[in-house]
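There are 2 protein chains.
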Amino acid sequence: MSQKPLPGFRDFYPEQFAERAHIFETWRRIVRRYAFQEYDGPPLEPLELYTQKSGDEIVTQLYNFVDKGERPVAMRPEMTPTFARMVGARAQALRKPVRWFSLPQLFRYERTQKGRLREHFQLNVDIVGEADVLADAELVSIAIEIMSAFGLTDRDVRARVSDRRLLNGLLTHLEIAESSWPAVYAVLDKLERQPREVSAEKLASAGLDAATVDVVLGFSEVDFATIAARYGEAPAVREHVARFRDYLSHLDALGVGLWIRFDLTIVRGLAYYTGIVFELFDNVGEFRAICGGGRYDNLLKSLGGTDLPALGFGMGDVVIGELLRSRGLLRSNASPLAFWVAQAPDTADAPQTALRTATALRAAGCVVEYALRSQKLDKQLEAGRKAEARAFVIVDPSAADGAWRVRRAGHEDQLFTTLDALCAWATLHHESTP
Amino acid sequence: MSQKPLPGFRDFYPEQFAERAHIFETWRRIVRRYAFQEYDGPPLEPLELYTQKSGDEIVTQLYNFVDKGERPVAMRPEMTPTFARMVGARAQALRKPVRWFSLPQLFRYERTQKGRLREHFQLNVDIVGEADVLADAELVSIAIEIMSAFGLTDRDVRARVSDRRLLNGLLTHLEIAESSWPAVYAVLDKLERQPREVSAEKLASAGLDAATVDVVLGFSEVDFATIAARYGEAPAVREHVARFRDYLSHLDALGVGLWIRFDLTIVRGLAYYTGIVFELFDNVGEFRAICGGGRYDNLLKSLGGTDLPALGFGMGDVVIGELLRSRGLLRSNASPLAFWVAQAPDTADAPQTALRTATALRAAGCVVEYALRSQKLDKQLEAGRKAEARAFVIVDPSAADGAWRVRRAGHEDQLFTTLDALCAWATLHHESTP
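As you go down the protein sequences, you meet chains A and B in turn.
Taken in order, the first sequence gives residues 966 to 1399; the numbers are from our numbering.
Taken in order, the second sequence gives residues 966 to 1399; the numbers are from our numbering.
Chain A on its own, in the form it takes in the complex (with noise of 0.2 Å):
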């Protein structure tokens, strides 16, 4: 038998499992202090669920296949199809804006690469329903908090933010041919990978003339302010600008304003996005995108007929887990072994007391090992050290001064002649599980 996963896929073992468990619990504790629900669809799929958004191009793309019911199948590659599916189904009867989030995992066939796996689990987080800026500021505010909680700061990352409407604006006021926009879009994605000359050859072929150039390929470069002073009163830009000053105000009152940087590189998918768009990087460019997000008005429209506002990020596992490991945040969260309880020899009723005080110890919400055979005392404190035991209770009902010893490095040890007071004195002293 292989002892191998898939190539792309990740067995989690017990020490990977514990970071991927700090990661998961991070994301939902923040979120759900946003008052965000936990929801999650299946990961499999109808096909037409993802061709139906992003066209048939995107099968080279999956594990699709035909189920033994005859229906073409795919495991999910992302979950916005699902959460449009299951808003859609009962868009009349939620409560609006809907505050939903998943931590699904997705599975795309791509070509194995570091840092590029086939599977990764990526933390959804939508709001359904409301048009208002506020909104786009709550939503990128939830993913700097998760930063923020993982224990990374605005000198690590930074959010990287734009305006769809706001470039629309610009480019209407540049008097750029709309039918241009698609070429200036994929200049601006790529402007910080490309050279200057080759951005600027593009934007010539795509009809802009020598001071247009000039002008878009500054975008990289100019801040907010600068664009508010520069074309704030012009008709085309006006209101874009007055919202997006509303944005940035909302995210100082939010706390995150430090983390904000105006970036009118921020595209993003073309056909999808609507409104402001964000981004999070760390500060060092060491990795890809963290996280990406923004407003998509007219996605659920399109896919399932539901008029109405959205906006949401997405945030992988697997970008986050390097950035933290390399900066040593990467924490885990598994339970230490509060007690090993050793059975001392040749007692009667051995090993009857040791169980029950396992049992007693667990019942007060204490993480409990014991050796699972007769063995020798010595051979059972070596065990308990072997799992690393934060201490030991020793049981021997023969013992005059107390059949319950406990032994801590570092501390004489404790007698206890009952096992309520046993539990008592653990209660106090050692974490239980939650």
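Some hints could be false.
The list treats identical chains as one, so a pair stands whether inside a single copy or across any two.
[Unchecked claim] For lysine-lysine, the following DSSO-like pairs were computed, each having C-alpha atoms within a straight-line distance of at most 30 Å:
#1 Lys1018 <-> Lys1033
#2 Lys1018 <-> Lys1061
#3 Lys969 <-> Lys1033
#4 Lys1061 <-> Lys1344
#5 Lys1351 <-> Lys1061
#6 Lys1018 <-> Lys1266
#7 Lys969 <-> Lys1018
#8 Lys1167 <-> Lys1351
#9 Lys1061 <-> Lys1266
#10 Lys1018 <-> Lys1167
#11 Lys1061 <-> Lys969
#12 Lys969 <-> Lys1155
#13 Lys1351 <-> Lys1266
#14 Lys1266 <-> Lys1344
#15 Lys1167 <-> Lys1155
By construction, these hints were calculated from the structure, which means they are not laboratory data.
In this text, all values refer to a predicted model and were calculated from it rather than measured experimentally.
Position chain B against the provided structure of chain A, taking the given hints into account.
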């Protein structure tokens, strides 16, 4: 777009997700106290991982296909092969006994009917590397403590236990030819559901004489004391009776003796189990088995070359969910909305003070929501009531007697002059998220 999931697959809307989360959290809380560590593997595995264990017949029940790299693959129908693969790959390095658990989603293409889905989640708890019967006692006690944590008692659920070695010893003692054992097993497995005459006929045609047929048919009612008294000194039976007596004594010490019923008709997978086996059932007999497991000492060797004794059980989320619902015990783990923050209208800096308030309360661990657009105060309060907020914070920076007013049903309004004072009070009076 279809608004339904595939047949046999579930959408988990927030209400259903909160019930699933209650089941998951109870599973994890109890199993962790027993010092088990959580692991996970890929939901997609090489097809041969399953055919090697179960033969080619299993393929008719699988979600299997050929991936884009020409690999025959299957969505996991059970966790044990992945577990065996993972343990096998690190068998030398792992501390023994291995105590691992997992909560995988599993997939089978079965005919859908009431309570039969094509996916479910299954708690898997396994111990590897310990042959002693104390490990068997520890294992079933976990399953029972889980029942107890759900609020079920020994009046609701019983654990039916048997031992394949004891049964084989009895068949040997009764001089039943080993070639007839599979037929005897099959009859025992169906003894409760099949007319007595049919069972008798099948045993007779397997070669058993009339007296032996009567003895075997009596196995459905015989208790352990009777077996011990009748066969306890027979050479083929003696050691197995002694071992089982130790098992029962351990279970008493572990506090779960009252839940146990000796039941020789518990057979489970023929090719799989080698020792003590058990199933948990509701006492009314209303539902299918809640949980099943036992000792499978030869399986790891046959799968992966790791010759280690092992035992484990699986408990699905569907049957336990149905049982808990029928008993009024299916809780929800949804986080209630602690505060709805409303801004008094017509104040100069609203909504900024409201946003700062929401941020501060969230930083204190509280679940907080507010209107994501400007609204009159009465509309905001109405939205908060629909969201079932436990308390309102009405923010009015111009109020002379305190900018933060806390309103709760059945209480006088409370006024706070600083945000710090409000947060200190909130931390004391409102459950924060973990």
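Do the hints match the structure? See the list:
1. Lys1018 <-> Lys1033: Answer is both; intra-copy 25 Å and inter-copy 22 Å each pass.
2. Lys1018 <-> Lys1061: within (24 Å within a copy, 50 Å between copies)
3. Lys969 <-> Lys1033: both (27 Å within a copy, 18 Å between copies)
4. Lys1061 <-> Lys1344: Result: close only across copies, 13 Å inter versus 62 Å intra.
5. Lys1351 <-> Lys1061: between (53 Å within a copy, 10 Å between copies)
6. Lys1018 <-> Lys1266: within (11 Å within a copy, 47 Å between copies)
7. Lys969 <-> Lys1018: between (34 Å within a copy, 16 Å between copies)
8. Lys1167 <-> Lys1351: Result: close neither inside a copy nor across copies, 64 Å intra and 53 Å inter.
9. Lys1061 <-> Lys1266: Within one copy, since 16 Å is at most 30 Å while 56 Å is not.
10. Lys1018 <-> Lys1167: Result: close within a single copy only, 29 Å intra versus 58 Å inter.
11. Lys1061 <-> Lys969: Classified as between: cross-chain Cα gap 22 Å, same-chain 46 Å, threshold 30 Å.
12. Lys969 <-> Lys1155: neither (38 Å within a copy, 39 Å between copies)
13. Lys1351 <-> Lys1266: between (58 Å within a copy, 26 Å between copies)
14. Lys1266 <-> Lys1344: between (67 Å within a copy, 27 Å between copies)
15. Lys1167 <-> Lys1155: within (11 Å within a copy, 76 Å between copies)
The structure is inconsistent with the numbered hints 8, 12, although it conforms to all the rest.
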